[in-house]
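Residue numbers (the numbering used here), protein chains in the order written: chain V, 1 to 423; chain E, 1 to 546.
By construction, these hints were calculated from the structure, which means they are not laboratory data. Heads up, the beta-carbon is just placed ideally off N, CA and C, and yes, glycines get one too. Watch out, some of these pointers could steer you wrong.
What the hints assert, rightly or not - Calculated pairs, DSBU-like style, for lysine-lysine (alpha carbon to alpha carbon, straight line, at most 30 Å):
(1) 237/V x 189/V
(2) 49/E x 318/V
(3) 233/V x 256/V
(4) 237/V x 219/V
(5) 219/V x 324/E
(6) 372/V x 126/E
Stated by the list, open to error - Derived CB-CB ranges, DEER-like:
(7) 265/V x 289/E: 24 to 32 Å
(8) 394/V x 421/E: 52 to 60 Å
(9) 485/E x 271/V: 54 to 62 Å
(10) 422/V x 222/E: 42 to 50 Å
(11) 165/V x 331/E: 37 to 45 Å
(12) 331/V x 227/E: 41 to 49 Å
(13) 467/E x 1/V: 29 to 37 Å
(14) 180/E x 422/V: 27 to 35 Å
(15) 265/V x 409/E: 51 to 59 Å
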Amino acid sequence: MKILLLVDEYADRPLVRVDWRQAQYFRDGEGPRPGSMITLDLPGFKGELEVEAIVAWLTKDENRGIGGLFKKKKEVHEFSRRHWEYTELDDLLEAVNTRNMIWNLSEHFTVEEMVEFERRRMPEAWELVEAWKKRAFKSEEKRYQALREIESDFVNRHAVAHAAGTVIEKTISDYETRRDEALLEEFLKKPRRMGAWIDLAERLTSNRGTVLVADAFGKFVNEEAKDSEALLKILQKIHGREELRERLTWQRGFWKHFERRLAFPANVDGEEIDISQATEVVVPSHFDLLESKRVGVITPGRRALRVPGDRWRGTYIKGGRGLKFEVEEAGGALRKYGCTLVSSGGSIQELLREAEELILLSNLAPEQALQKIEDLEVPSDHPVFDAAERAREDYRYARILADLLIELRTGIDATVARARLGM
Amino acid sequence: MGVIRELKRRYNTSLALGEVLPVQERGVPLPLSTGVPLYDAALLNKLAKTRTMDAAAHTNRAWSLVRKATREEREALADHAPGVLNDYKLLLALRAWDLGELELARRFVKALPWRWRLAFPTAVIKPAAAMLTGWRRRVSFRLVENPRWEELRKLFRETLEGAPGVVILKYRNTIQQSAALLRFRFEGPREDGIHDLAFESQVEVGHDVNLAPIPTFLEAKERLHGGDLKGFLDVLGEASAVIPITSYMGLLGNYSIRLYDERQPMVEELRDYAIRCATAVESLLRLNEWAPWLTEARMDRLATNVRGQVIERGLKVPFFKVVKAYMNCPREVREMALNPLLKPLLAHYGEDVRGLLGDGQQMTFLQPGNFVNLMSLLLYVVASAAMPTKLYFLKKDGVEEIPSLDRDEVLAHLAVDRRALESWLLREFGSLANRWEYTYDQKAIARTIEGLDPAEPLMLDLPFFDDIEVLQALLPREQVYNLNGAFGAPGEICLSYQYYAEFGAFGRGWSFGMYSRTGDTAATKFTELLDRLRWFRRLGGLEVQP
Numbered sequence: 001m002k003i004l005l006l007v008d009e010y011a012d013r014p015l016v017r018v019d020w021r022q023a024q025y026f027r028d029g030e031g032p033r034p035g036s037m038i039t040l041d042l043p044g045f046k047g048e049l050e051v052e053a054i055v056a057w058l059t060k061d062e063n064r065g066i067g068g069l070f071k072k073k074k075e076v077h078e079f080s081r082r083h084w085e086y087t088e089l090d091d092l093l094e095a096v097n098t099r100n101m102i103w104n105l106s107e108h109f110t111v112e113e114m115v116e117f118e119r120r121r122m123p124e125a126w127e128l129v130e131a132w133k134k135r136a137f138k139s140e141e142k143r144y145q146a147l148r149e150i151e152s153d154f155v156n157r158h159a160v161a162h163a164a165g166t167v168i169e170k171t172i173s174d175y176e177t178r179r180d181e182a183l184l185e186e187f188l189k190k191p192r193r194m195g196a197w198i199d200l201a202e203r204l205t206s207n208r209g210t211v212l213v214a215d216a217f218g219k220f221v222n223e224e225a226k227d228s229e230a231l232l233k234i235l236q237k238i239h240g241r242e243e244l245r246e247r248l249t250w251q252r253g254f255w256k257h258f259e260r261r262l263a264f265p266a267n268v269d270g271e272e273i274d275i276s277q278a279t280e281v282v283v284p285s286h287f288d289l290l291e292s293k294r295v296g297v298i299t300p301g302r303r304a305l306r307v308p309g310d311r312w313r314g315t316y317i318k319g320g321r322g323l324k325f326e327v328e329e330a331g332g333a334l335r336k337y338g339c340t341l342v343s344s345g346g347s348i349q350e351l352l353r354e355a356e357e358l359i360l361l362s363n364l365a366p367e368q369a370l371q372k373i374e375d376l377e378v379p380s381d382h383p384v385f386d387a388a389e390r391a392r393e394d395y396r397y398a399r400i401l402a403d404l405l406i407e408l409r410t411g412i413d414a415t416v417a418r419a420r421l422g423m
Numbered sequence: 001m002g003v004i005r006e007l008k009r010r011y012n013t014s015l016a017l018g019e020v021l022p023v024q025e026r027g028v029p030l031p032l033s034t035g036v037p038l039y040d041a042a043l044l045n046k047l048a049k050t051r052t053m054d055a056a057a058h059t060n061r062a063w064s065l066v067r068k069a070t071r072e073e074r075e076a077l078a079d080h081a082p083g084v085l086n087d088y089k090l091l092l093a094l095r096a097w098d099l100g101e102l103e104l105a106r107r108f109v110k111a112l113p114w115r116w117r118l119a120f121p122t123a124v125i126k127p128a129a130a131m132l133t134g135w136r137r138r139v140s141f142r143l144v145e146n147p148r149w150e151e152l153r154k155l156f157r158e159t160l161e162g163a164p165g166v167v168i169l170k171y172r173n174t175i176q177q178s179a180a181l182l183r184f185r186f187e188g189p190r191e192d193g194i195h196d197l198a199f200e201s202q203v204e205v206g207h208d209v210n211l212a213p214i215p216t217f218l219e220a221k222e223r224l225h226g227g228d229l230k231g232f233l234d235v236l237g238e239a240s241a242v243i244p245i246t247s248y249m250g251l252l253g254n255y256s257i258r259l260y261d262e263r264q265p266m267v268e269e270l271r272d273y274a275i276r277c278a279t280a281v282e283s284l285l286r287l288n289e290w291a292p293w294l295t296e297a298r299m300d301r302l303a304t305n306v307r308g309q310v311i312e313r314g315l316k317v318p319f320f321k322v323v324k325a326y327m328n329c330p331r332e333v334r335e336m337a338l339n340p341l342l343k344p345l346l347a348h349y350g351e352d353v354r355g356l357l358g359d360g361q362q363m364t365f366l367q368p369g370n371f372v373n374l375m376s377l378l379l380y381v382v383a384s385a386a387m388p389t390k391l392y393f394l395k396k397d398g399v400e401e402i403p404s405l406d407r408d409e410v411l412a413h414l415a416v417d418r419r420a421l422e423s424w425l426l427r428e429f430g431s432l433a434n435r436w437e438y439t440y441d442q443k444a445i446a447r448t449i450e451g452l453d454p455a456e457p458l459m460l461d462l463p464f465f466d467d468i469e470v471l472q473a474l475l476p477r478e479q480v481y482n483l484n485g486a487f488g489a490p491g492e493i494c495l496s497y498q499y500y501a502e503f504g505a506f507g508r509g510w511s512f513g514m515y516s517r518t519g520d521t522a523a524t525k526f527t528e529l530l531d532r533l534r535w536f537r538r539l540g541g542l543e544v545q546p
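Starting from the given sequences, assemble the full structure and let the hints guide the process.
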């Protein structure tokens, strides 16, 4: 029986898993390269691909007592060199698990090997079908039985041929990666100026090349820029080149070198900003920050309120959700960082903020919580008053009070409000 | 009856009566009860968000329990103050203050860490500012009706008198807040110095007022402000008292000085001082960050500092934090830190475990032979170096007793790279360590458990496994610590288990999932549990106090 296997590595030793439950090794110095695909040949083996059966077969084949399974704690099951060969495409027509390996072919075979296989073995596939078509059968049952017999061979040949597309794709991308790595290596031999870096970053188009150049470019930007202002000038320059900007935006390797020195200064003054729809975010390192309105200094990695805009654009306000409570306490408008923050109310965000405040007050200051519904003209026999009275003595009533207040004040089901608030 | 089963029985009774919180709402999630809800809360509950209760709900419940406490209960908790969680110490101090039991309040306050002690007046006058965070700090309410202003000022003065300079420097904002709310009048040269530090931007504090290292900090800050980096380092270097690492890093940050920047003038001297002033926790947290410039000499100084604080002065640093900090470092640093830092700290943890379990106890570890969880193995070797232990590996067809593993050998392999560690595991445990299957011989496990002394502690680590025969064997045992889901024996406690879902697909009547498991926090939870158990025994009347 032939089995195709991918070679992994543990403790500097190649290993395979014929049965996923148990790793099996190779005799010292006789193992294949980790990362390769091998064909394990177990002549005469007829059992299921299970570790117990494999070990029994190995014991017989080796003609030595390798013992029962895991009787000895230091037991290591090993294949000899004669049990395996590096896989050739022809093996795929004989192995029992060919279809599991189709997705891996591009990692192990060249375009030339695939073409050669197709030229040589595909006509045979059609010959099989042609022969089947020409044969005379005694019954329909026999006819389709015969088709079943050639099915696996036919399908395997086609599956291998079909994988040629991914092999070509991989070959091209491998070439582009090698080309980009070489370009970067050559580029790094001499000190370069900003313009040359930008040109290079635009030229490297492979995935790997983009990752590598983003990392090296980020490092250069960090060394080149003395302070946050200089960093922003460089980012502005990149921002003007759309393709490059898009390529670098989500490359952590680019930003990581300088983001802890980065701060986006305020660019809005004297405006009225409605924060009703704003939510708290952790400021991302992103070019969109350059195009966003910024109230106060906005620092990546720190919290800010964000009034949504396209993508990561919008209005960023220094500070967290606490600002919403400050605005409320100040009567709906608060002067901050040269602007006036206002809350027009009514948004779901605003209602959830009120719910959060009611939960806190119900627990720690029930009288103040009750004051929050003074303007609602709630009938005096409403259970909220009884709950407030009892909450003074029995802490369990605080939750009941909060739930009633949330529904009265915000109209939101208290359970939903708590879930939305992460409680 | 065994202690664990009795504490669990009391918990089940109290839970049924609604007197205690379910495990998932407890800060320390253990199903134990002394029988007195206040004691249970004081030993396990924190005023922080849990699954369905936020900080305010916990505060409300805690205050309600504390308000109903009898004098006897308050006294009992004061006698056991080292075991009471800080949140409850503060609430108990507030209640005693409210009732005019000022000496009792002092006992609770004195048992609190310095920042809490200095914030006590704030907690009396404006509790939100001391107990809550963010916007909640501005909510106006009081727990104590009569702040007893004069007495409170007297207590604050006492606290300031006892506070060392380094504490004053670290918590000057806390002092400012308490003093402002108290309308506290600072008197004498030392208090004047504290006042200036807390309230003024330009201050001078003399060296003769017992506030070291504050004068050093101020002088150094002035030098740095004047651009005199050498002067800054000279001032710090000549002073015998070091400034706290937080103040030092804050100063460097304010003047854009980065320890990682090789272009930074005098960077080597700056790094040396960072090593000198770092606390044990900071040293461990920054081990990886500082790795590029750690030398043998610096590592020795750092390790001496950490050993001094943890081993000699009893500072509690969780077991897994030490191991994780160590494992996150590059190989060269791990090799450097092995002898001076890791080995002595782990030996210390072994002693801790032995002390908590009680002398003369033998501990048995049962764990899968094919799942060598490094943290579990470490817990075993740490314990085995300090007390008698047995280790059994569980297999598909049997259980094997493993001859004791040498702690230093295991630790030595932690110091090397991943491949070398794997080679050691393969050499030591064979391909068994590379088997991905959780099928064990339940009869052999049950037989092994039955053969052990029921009174001795047993540590179980059986991931993805449940069996009625094993439960049967566990029934008579008094101390079973399980790192996975509990089997359900009365003397058994589930310590912690975490399974991470990596992939899952679900349909009607079927599901498929891939999970990985980690026991990262198990070792810490184990020492925490042993510590909590000690206090539960004492407050639950299950142990004769010395």
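Tested hints:
Between residue 237/V and residue 189/V the CA atoms are separated by roughly 24 Å; this keeps the pair inside 30 Å, and the hint holds. Between the alpha carbons of residue 49/E and residue 318/V the distance comes to roughly 26 Å, so the proposed pair stays at or under 30 Å and holds. At most 30 Å may separate the alpha-carbon atoms for a hinted pair to count; residue 233/V and residue 256/V meet this at roughly 17 Å. Simply put, residue 237/V and residue 219/V have alpha-carbon atoms about 16 Å apart, close enough for the 30 Å limit, and the pair holds.
At most 30 Å may separate the alpha-carbon atoms for a hinted pair to count; residue 219/V and residue 324/E meet this at roughly 28 Å. Among the hinted pairs, residue 372/V with residue 126/E is consistent with the structure: their alpha-carbon atoms are about 21 Å apart, no more than 30 Å. Remark: the range hint 24 to 32 Å for residue 265/V to residue 289/E is upheld by a beta-carbon distance near 28 Å. Roughly 57 Å separates the CB atoms of residue 394/V and residue 421/E, a value that falls within the hinted 52 to 60 Å.
The beta-carbon spacing between residue 485/E and residue 271/V, approximately 57 Å, falls within the hinted interval of 54 to 62 Å. Between residue 422/V and residue 222/E the CB atoms are about 46 Å apart, so this pair conforms to the stated range of 42 to 50 Å. The hint said 37 to 45 Å for the Cβ distance between residue 165/V and residue 331/E, and at roughly 43 Å that hint holds. At about 46 Å, the CB distance of residue 331/V to residue 227/E agrees with the hint of 41 to 49 Å.
For the pair residue 467/E and residue 1/V, the supplied restraint of 29 to 37 Å holds, since their beta-carbon distance comes to about 36 Å. In this structure the supplied range 27 to 35 Å holds for residue 180/E paired with residue 422/V, their Cβ-Cβ distance being about 34 Å. The hint said 51 to 59 Å for the Cβ distance between residue 265/V and residue 409/E, and at roughly 57 Å that hint holds.
Checked against the numbered hints listed earlier, the structure breaks none of them; every hint is satisfied.
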